[in-house]
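S.K.: Let the hints inform the model, and build the full structure from the sequences given.
Heads up: the sequence shown runs through residues 14 to 96, numbered per this note's numbering.
In case anyone wonders, no lab produced these hints; they're calculated from the structure. Model, not experiment: these values are computed from the prediction.
Computed spacing ranges between beta-carbons, pair by pair:
hint, residue 1, residue 2, range
1, Ala83, Phe55, 33 to 39 Å
2, Tyr75, Glu96, 31 to 37 Å
3, Ile86, Ala49, 32 to 38 Å
4, Gln91, Pro60, 42 to 48 Å
5, Glu94, Gly56, 52 to 58 Å
6, Glu38, Glu78, 29 to 35 Å
7, Gln53, Val77, 22 to 28 Å
8, Gln53, Glu92, 46 to 52 Å
9, Gly56, Tyr76, 27 to 33 Å
10, Pro51, Tyr76, 17 to 23 Å
11, Leu73, Gln53, 16 to 22 Å
By construction, the Cβ of each residue, glycine as well, lies at the ideal position given by its N, Cα and C atoms.
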Amino acid sequence: QEGLRRRKNKGNNNNDESKTTWSEEQPPVQSQKALADPLQLFGVPPPALRVAQSHSRDALAYYVEVANLARQIMTIVQEEEGE
Numbered sequence: 014q015e016g017l018r019r020r021k022n023k024g025n026n027n028n029d030e031s032k033t034t035w036s037e038e039q040p041p042v043q044s045q046k047a048l049a050d051p052l053q054l055f056g057v058p059p060p061a062l063r064v065a066q067s068h069s070r071d072a073l074a075y076y077v078e079v080a081n082l083a084r085q086i087m088t089i090v091q092e093e094e095g096e
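M.R.: This is how it looks when you write it as structure tokens:
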């Protein structure tokens, strides 16, 4: 889990028990590498699997682009209907 985590001040004997600090958690370096290329978890993957991974990444990028364009089209249509 990434993000901010609320931690109580341990070892600090102030009378105000409600004081807390916020710190940002950093994931271990190994998990960042594993997230970058999950195929590396299984050693050397076959070339066909690398090609499939590349195609799926491209498809996902196109999907996001089309979804953004659809949102823009819907916004324009709603503005035109409102006039």
